[in-house]
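Between the sequences and the hints, there should be enough to build the whole structure, so can you do that?
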Amino acid sequence: MSLLIDSRSRVAPTEVSPVRPAYPRGPRPPRIGDPRGRQALITLSMLLLLAVFAFRLIQIQAIDSENLAARALDQRLVTAEIAVPRADILDRDGVVLATSVDRYHVWVDQREVADWKRTLNGQVIASGPSGAAEILAPILGIDAGTLEAALTGDSRFTYIARNVAPETWSLVRAEGILGVEGEPTSTRIYPNGDVAGNVVGFVGGVSDRQGTWGIAGLEYAYEEDLLGTPGSMTYEKGGGNVVIPTGVQQESPAIPGDAVVTTIDRDLQWQVQERLEKGVAQTGAEWGVVIVMDVHTGEVYVLADSSVVDPNHPGRSAAEDRGSRAVSAVFEPGSTGKVITMAALLEEGLATPTDEYIAPYEYTTSNGQTFHDSHEHSRLRLTLTGILAKSSNTGTVQAGELLTVDQRYAYLSAFGFGEATGVGLPGESRGILHDVEDWDGRTRYTVLFGQGVSGTAMQMTQVYATIANGGVSVSPTVVKGFEAANGTFTPIQRPGGERVISEQTADELLLMLESVVHDGTGGAAQVPGYRIAGKTGTAQAADGNGTMEDIVASFIGIAPADDPRIVVSVILYNPTTTIYGGSAAGPIFADVTSDALRALGVPPSETAGTLYPLTWG
Amino acid sequence: MAVTTTRPIGRLTSPVTSYYLLASSTALLVVVGLAVVLSSSSIDSIKKEGDPFSLFKAQVVYLVIGVALCILVSRGTVAFYKALGPWLLFGSILTLILVALSPWGRSTGGNRNWLDFGDFSAQPSEAAKLALALYLGLALSHMRSRLSTLRGALVPAGVVAGLVVALVLAGGDIGTAAVMILLVSAAFWTAGLPFRFFAAGSLAAVSGLAMLIALRPALLERVTAWWSPGCDELDECFQVTHGTWALASGGVWGLGPGLSREKWSYLPEASNDFIYAILGEEFGLVGTVFVLVALAMIVLAVNRIVQRHRDPFVQVTAAAIGAWIVGQACLNIAVVIGLAPVTGVPLPLVSSGGSSLVTSLVGIGILLGFARGEPGAREALAARRVRRMGDGDVIEVRRGA
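Residue numbers (this note's numbering), protein chains in the order written: chain A, 1361 to 1977; chain B, 9 to 409.
A few of these clues could be false.
[Stated by the list, open to error] Below are the DSS-like pairs computed for lysine-lysine, each with C-alpha atoms no more than 30 Å apart in a straight line: (1) A:K1477 <-> B:K90; (2) A:K1597 <-> A:K1477; (3) B:K65 <-> A:K1477; (4) B:K56 <-> A:K1638; (5) B:K90 <-> A:K1597; (6) A:K1477 <-> B:K56; (7) B:K55 <-> B:K65; (8) B:K55 <-> A:K1477.
Calculated from the structure, these hints are not laboratory results.
Structure representation (structure tokens):
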């Protein structure tokens, strides 16, 4: 107390002395206190309070500091993914088929918008949700009333516009309205619309995870390559999700994905799609498929499906139109499959192209199975080439009878039936090739002319490519390779071809197939200036009720026959104007092949071939 | 008096100790305050005005005005302070009525305590604190001998103080009212009001508080939230939780000037009611204890003024100003360190806000004036000026004093 009360002041008398009671025995009247003593009490209690504060601060800032600070840091520390845009899908020349563009989701902190005001010369000219809505509505193209409702409330995070273009977002940001923020995002666009939509595929939401994912086509099949590896950034976030620049920051960079370079030729694909659409309409078919493939590399220049999906709006297509029937639809090849029987006969030395047969309208095999040709006719004196050119079932069965059942199976298998081609598209079917033990008495013979066995348009194309490639099998592909972000190109890994038939057999088959177009059922498939080898096909297919009422009309051809470059397959399902492959698919083949040869710069054939005779005697 | 210079606590007993205690602690608080105001307001300023310095620049202007007024007032005489009191009080009551009733009155955070004329706005309740301190000094020193009666205590001092507090309470500003009650209590206490009045007053205060809580249940919620252990960190305890986190993140040495994390739109009122938390985050325990030491220096200086002066006006006014500035600081700090429920009063001399800073500095100016009026102080200060000019030597000067 001596420190607080000045010792020298103590001797001085107080100005007001306590009033002494007049009557000693009465109640003591209130005493008026001495300011110095009283102040000393205030001083003491204040110093005591400050000491208590000091102890409390030591507790918070020294003793419990680590624990509390760790909790605080934990609240602020966030790890954000550094998104990397999905890589492009390109055509064979680098034309963009699918790409990602920057977009922004605009969101608001409604509580901050409520505090916002804009002043001009000290005058408030706009404030709060209504003022902000009036400014933003014309920029975002949203009705001001709707926008004001979205800006009003207590929410600290509400989207007001999604997938806004960067230039729109910069206009919004330039307004500087408190609480209006942009979240960078990315959207997938397909600049060519439905061109190759069946190959490229599309993206969308899936039920079991957030975000946008490949749903169909290459978008689905090569998702891992396209996505790349997102990076991450760990940082301390302030209110409103800003990065605190002075806080902890750790970043692991994102690795961009690889662009998928397809084998598709965008321009040719477009032309073919148009032609196919017209052809489907003219023939009244349910659907159609056209494939244009390089016979040496297996690269698919064109993979056209009718009613093709536009990846920008996949919802506008029926579910069954969103993929590619070229790899998913399975049908019996019919007469186009006869070429495998011919290949086996030639390769096994059981026949030559000029061997002579008599083809009746009706033929009964040794096990009592009877087969007919498509048109009633008298007994024809046909060579093996003639049988193929006229597409005689009886002739084919008669000649093929020389093959053992195992040989029939072996060649079908070697040409690719029963195994998916690995063209690179999801949902590819491997077709149906039953084991020999499961073949009944009739199936043993129907497989000789392409029935009792099923495949896809892609598998049939592969059969003809093998013949055109000198007898060595070709693996079809729609993917050429991958282009890394730094521009380096890595070709796709593909299995090497295997010899299926000898080169001589292949050459003989080509000549035989040329007769089909030159003199046989495939006359409509002729392309002026080029020698064409090919085969027509008409087969029954199971309809929705399981009965064999549906028709598959097809033409598969090789051009030019003298120096093969491409295989072109045209498949029409259930054409109504004609059921024959030659007349239904042939004209489409001719137009497509003509366009393709021109696009690829293939010179016209210079020499006419010396074809085998079709008849004898 | 030569003896003084040889004693170990010679400085403490020097006639000018109060003056220097006040001057140095005030300088320390305003300088640290300015640094923390710059840091803690920058993020909010960028967001609201687009300029990180907008609030800081205003604060510098207020500081210059405040320091100038502080120096000016510190040169005043006791007669001047006595004359100032009634006028200031009259003006304060008038402006408080304007706040309550005129269209210029404006509310922030639910409290109607601002007077807004567009370009210029102020909180009259801040100036009212100063006016009360001066007026109560005057009134109570006059009426001291009659303080043993209820009438003597109430007329005029008690009634006037009650009116001012009532006007502030009418605006809903509990924090400022609490500080004013502290100030008034300290004035009456130092003036020597008998104990029994305080006992009765406490009883009245408790029942008044009960009535207030009954009228405004939101108040009770604030208090119960603070007490309950399951207090929601995202809701009612958001501010206190983040305040504590800021202090803890600072640790002993602090994160460094400008490096606060909680100022990034976490801690509401970071540059105002919760500036002590940001100060603790950037300057650590060292910084927070420094502020406590500065406050203790003001307490000691006020005590010296009261002990060494004979004039009851000086004693009562000094005690009231001391209770106001240190009491308000304690209330503010208690909230930040979680020892009191949130009341919403700024930390005097440190927090942003012009009204508070300027009136606090004027209050300090009056205390400085009182310190200069301590026996022997004026002579010692004059002599030091002579010494600085190079005339004579230190010991001789002291002997002369």
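| Hinted pair A:K1597 and A:K1477, Cα distance within 30 Å | Holds - the C-alpha atoms of A:K1477 and A:K1597 are around 26 Å apart, at most 30 Å.
| request: Take a quick look at whether B:K55 and A:K1477 sit within 30 Å of each other, Cα to Cα. | output: 12 Å, holds
| message | Next pair to validate is A:K1477 with B:K90; report whether the Cα-Cα distance is within 30 Å. | response | 45 Å, violated
| query | Given the hinted pair A:K1477 and B:K56, is their alpha-carbon gap at most 30 Å? | reply | The hint holds at about 9 Å.
| query | Within 30 Å, alpha carbon to alpha carbon, are B:K56 and A:K1638? | reply | 63 Å, violated
| message | B:K55 and B:K65 were given as a pair; does the straight-line alpha-carbon distance stay at or below 30 Å? | response | Distance of about 16 Å is within 30 Å: holds.
| Pairwise hint evaluation, A:K1477 against B:K65, where the allowed Cα distance is 30 Å at most | 21 Å, holds
| said: B:K90 and A:K1597 were given as a pair; does the straight-line alpha-carbon distance stay at or below 30 Å? | reply: 54 Å, violated
Checked against the numbered hints above, the structure violates hints 1, 4, 5; every other hint is satisfied.
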